[in-house]
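S.K.: One-letter residues, chain by chain:
There are 2 protein chains.
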Amino acid sequence: MKTYDQKLTNMVLELKEEAKALGRLTGEEKNRGLRMVIEALESEEEKILQANQKDLEQARRAGVRESLVDRLALDASRLAGMKEALQEVIALKDPVWSSGRTWTLENGLTLSKMTVPLGVVGIIYESRPNVTVDAFALGFKSGNGVLLRGSSSALNSNRALVQAIHQGLKKAGISPKVLGFIDDDRRELVLEMLHMKGKIDLIIPRGGKGLIDFVVENAKVPTVETGVGNCHLYVDAEGDLPMAMEILKNGKMQRPGVCNALETLLVHEAVAKDFIKRLPKELKGVTLRGCEATEKLISVEKATEEDWKEEYLDMILAVRVVKDLDEAISHIDQYGTGHSEAIVTKNYNHAQVFQRKVDAAAVYVNASTRFTDGGAFGFGGEMGISTQKVHARGPMGLEELVTTKYIALGEGQIR
Amino acid sequence: MKTYDQKLTNMVLELKEEAKALGRLTGEEKNRGLRMVIEALESEEEKILQANQKDLEQARRAGVRESLVDRLALDASRLAGMKEALQEVIALKDPVWSSGRTWTLENGLTLSKMTVPLGVVGIIYESRPNVTVDAFALGFKSGNGVLLRGSSSALNSNRALVQAIHQGLKKAGISPKVLGFIDDDRRELVLEMLHMKGKIDLIIPRGGKGLIDFVVENAKVPTVETGVGNCHLYVDAEGDLPMAMEILKNGKMQRPGVCNALETLLVHEAVAKDFIKRLPKELKGVTLRGCEATEKLISVEKATEEDWKEEYLDMILAVRVVKDLDEAISHIDQYGTGHSEAIVTKNYNHAQVFQRKVDAAAVYVNASTRFTDGGAFGFGGEMGISTQKVHARGPMGLEELVTTKYIALGEGQIR
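So the protein lines, in turn, are chains A and B.
To convert, take the position in the first sequence, counting from 1, and add 78; that gives this note's numbering.
To convert, take the position in the second sequence, counting from 1, and add 78; that gives this note's numbering.
Since the hints were made in silico from the structure, they are not lab data.
A few of these clues could be false.
[Said to hold, decoys possible] Computed footprint of chain B on chain A, listed as stretches where at least three residues anywhere in the stretch have a Cβ under 8 Å from a Cβ of chain B:
| hint | stretch |
| --- | --- |
| 1 | 221–229 |
| 2 | 449–460 |
[As the list claims (entries may be wrong)] For lysine-lysine, the following DSS-like pairs were computed, each having C-alpha atoms within a straight-line distance of at most 30 Å:
| hint | chain 1 | residue 1 | chain 2 | residue 2 |
| --- | --- | --- | --- | --- |
| 3 | A | Lys191 | B | Lys171 |
| 4 | B | Lys387 | B | Lys374 |
| 5 | A | Lys132 | A | Lys255 |
| 6 | A | Lys424 | B | Lys132 |
| 7 | B | Lys374 | B | Lys359 |
| 8 | A | Lys255 | A | Lys275 |
| 9 | A | Lys287 | B | Lys98 |
| 10 | B | Lys424 | A | Lys191 |
| 11 | B | Lys355 | B | Lys387 |
| 12 | A | Lys435 | B | Lys171 |
| 13 | B | Lys132 | B | Lys255 |
| 14 | B | Lys171 | A | Lys275 |
| 15 | B | Lys132 | A | Lys298 |
| 16 | B | Lys275 | B | Lys255 |
| 17 | B | Lys191 | A | Lys161 |
| 18 | B | Lys435 | A | Lys249 |
| 19 | B | Lys277 | A | Lys94 |
| 20 | A | Lys298 | B | Lys355 |
| 21 | B | Lys94 | A | Lys287 |
| 22 | A | Lys277 | A | Lys85 |
| 23 | B | Lys298 | A | Lys277 |
| 24 | A | Lys355 | A | Lys85 |
| 25 | A | Lys435 | B | Lys98 |
| 26 | A | Lys171 | B | Lys85 |
| 27 | A | Lys435 | B | Lys424 |
| 28 | A | Lys435 | B | Lys287 |
| 29 | A | Lys374 | A | Lys355 |
| 30 | B | Lys435 | B | Lys424 |
| 31 | B | Lys277 | A | Lys435 |
| 32 | B | Lys355 | A | Lys275 |
| 33 | A | Lys435 | B | Lys275 |
[Stated by the list, open to error] Example chain B residues on the side facing chain A (calculated, C-beta under 10 Å, incomplete):
| hint | residue |
| --- | --- |
| 34 | Ser176 |
| 35 | Ser177 |
| 36 | Trp181 |
| 37 | Leu187 |
| 38 | Leu189 |
| 39 | Lys191 |
| 40 | Asp279 |
Quick reminder that beta carbons are idealized off the backbone N, C-alpha and C, glycines included.
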């Protein structure tokens, strides 16, 4: 038998209890809570920035790359972004206790499939401190207790943010225990979370492949896999090439470190020469790795099997010439991670075939894969981007944080 | 490294390939396939009954109880039931490629959340041979490849049913490989199924607690927990007592061996005397186990902690007197399995509180828990009844066998 950390167990049991009360708050009550949290983030701004300063100093002392230190950094403008996200969540409709479907059986029994909170949702994240606020806001608005486990590198910042949220909730007369925070960076506590079946209803890992694999491998609690995005752009023979180039540049260069960034370019052989010859000039600063056909057109490193598989998250692009749409779709089938895939084409049938056959959370026709994002989709942020098919697929917003319950109203019906 | 059974791996890989084509069939094409399957079940009726005879003989030789042998038995009327279920599935709307939501972003990009098949769905079942046909029909209509692993006691019957289905599909010009059948009763093949991450998209166990626990414990593939139902009826102080008695008798006695049958009766103390005194006469043949207060009213076996926990699936009822609605809900919270729960009351507020607070897949006001069933709900059967919250809850029909994909149609939008 495993011995669980008693403090964590107690926190989760309290969270579970408090989540029941939270699940029955009205939309108005929850929005009032969120407004008080915005106020608290304002009044605590200085403390939060001081705490963040500590994390930044520690990261620099540990020799962390400056680009990663920057991901961790908070300032007035980033805090304003968090408050805006909270405002967006306030503006969203309460997702709890609504029905997409009410019907009556022949015997007069009326059934409704009602939305209800999941209960307790755990988030294990390596990401930036804004996830602390986003995850709380979406979880809270959907009536769920939220248990956060952030990375040790952001421990001071996350602690200060959680303290501000707790303060706001108290002011709104809501128990701060609806947001649990694991203020302890021992690795084994993650494993304990993953084993809390019956106490935690869903765990969402947000971070690198290592974290996600660890969670999926060890979890007894249901989990949703998120994030790994080996995304492709296919430029069709009938594609608008200038449009394709803009979409390629946006997908590869605007923010290469995110999961919806492009990793591989597939080009139909009929337009390969025109399109690929322009790449070195258009994609300045991007390292290109190409198939044999690409090598004949421009000077590139040779792409290996590993290149088709890899999510670079960096200024590197793999390039492959394909003989037709089917070969493009087969390549995506074989190497894609089911995140975001795009085609540029003017051909109606090719657009139809691509959207039906490509198996991914989001499929784009003549648009950038960079839009796969809860904020961009209008969800007021996201709990993560699911790359699995069960429970949720794509950016997880309020709709993905509720479950359903059938309510049957009768007058004595028996079978 | 585990070595997988090569034959099973090949079957699943072919299934996965064929499922892609199935996922793109029109509703009309799938319905034609289902009609051909009905015809094949008719023309093969004799073979199926002969195969079933073998299973029955083996079961009797093995000394299986006659009530269980009966569960296994097929006859003309049970085959007719299977064909009716297929007709019901034909009548249901195609669940694939429809959207509950299409919207346009400020930049003109139009998003649709489209339903798509999951891919390959595995069902591990100990149940009666009709599950073979039900699971195929729902999986097929929702565009999924289905992999069946039945119990060894029904191997001959299941094999004959699958042969008939394959024959019907062939006649409709559809690859019979969309229905895989593990014609091998080695236990280790179940474990291999459970490890086929990336090949099987969802596994649903249907059977006893032992099977379900084994699946949940060992699966790397996403699973949905089904079935265990420790269901309660709460008779409120303001309940209509004759109605409550009919609902109790229906829930406990009409079919005690099923998961939506009642296991525990909770009675408000104000009506306990009237109601409980009538139990011995009304529930003839049912063994009653009661709390202390019940013991004072009628002669019963004493209920222990174990009785509150147990899903009897038998003619046994646990009885407990509670002091109010809150105590009833607390009891259900503590011992319920989240399946089906009922209240009998004339009080509007009590009905409201019960439906909101009780955390179960189906909550009944003044009706029998026996309705929690895909057939009764109008789903044309069910893949199982989910008692978990993630992905699906309650009877799983076509809606629970699809996932979604975001389709974005643009004119060159970038971020």
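S.K.: Is the shortest C-beta separation between Leu189 (chain B) and chain A less than 10 Å?
M.R.: Check passed: Cβ of Leu189 (chain B) comes within 7 Å of chain A, closer than 10 Å.
S.K.: Is the Cα-Cα distance between Lys255 (chain A) and Lys275 (chain A) 30 Å or less?
M.R.: Holds. Lys255 (chain A) to Lys275 (chain A) sits at ~20 Å (cutoff 30 Å).
S.K.: Mind checking the CB of Trp181 (chain B) against every CB in chain A and telling me if the closest is under 10 Å?
M.R.: holds (7 Å)
S.K.: Between Lys435 (chain A) and Lys275 (chain B), does the CA-CA distance stay at or below 30 Å?
M.R.: holds (21 Å)
S.K.: Count residues of the stretch 221–229 of chain A with a Cβ under 8 Å from any Cβ of chain B, then say if the count reaches three.
M.R.: It is violated: at least three residues are needed, and the stretch 221–229 of chain A offers just 0 whose Cβ sits closer than 8 Å to chain B.
S.K.: Would you mind confirming whether the straight-line C-alpha gap from Lys355 (chain B) to Lys275 (chain A) stays at or under 30 Å?
M.R.: violated (40 Å)
S.K.: Does the closest beta carbon of chain A sit nearer than 10 Å to the beta carbon of Ser176 (chain B)?
M.R.: violated (13 Å)
S.K.: Below or equal to 30 Å on CA atoms is what counts here, so check Lys374 (chain A) against Lys355 (chain A).
M.R.: Distance of about 10 Å is within 30 Å: holds.
S.K.: Keeping to a limit of 30 Å between CA atoms, is the pair of Lys277 (chain A) and Lys85 (chain A) held or broken?
M.R.: holds (14 Å)
S.K.: Are the Cα positions of Lys435 (chain A) and Lys424 (chain B) separated by 30 Å at most?
M.R.: violated (54 Å)
S.K.: Given the hint that Lys424 (chain B) pairs with Lys191 (chain A), does the C-alpha gap stay at or below 30 Å?
M.R.: holds (23 Å)
S.K.: For a C-alpha distance cap of 30 Å, please report whether Lys435 (chain A) and Lys171 (chain B) respect it.
M.R.: holds (22 Å)
Going down the numbered hints, you'll see the structure goes against 1, 6, 14, 15, 19, 20, 24, 26, 27, 28, 32, 34 and 35, while the others check out.
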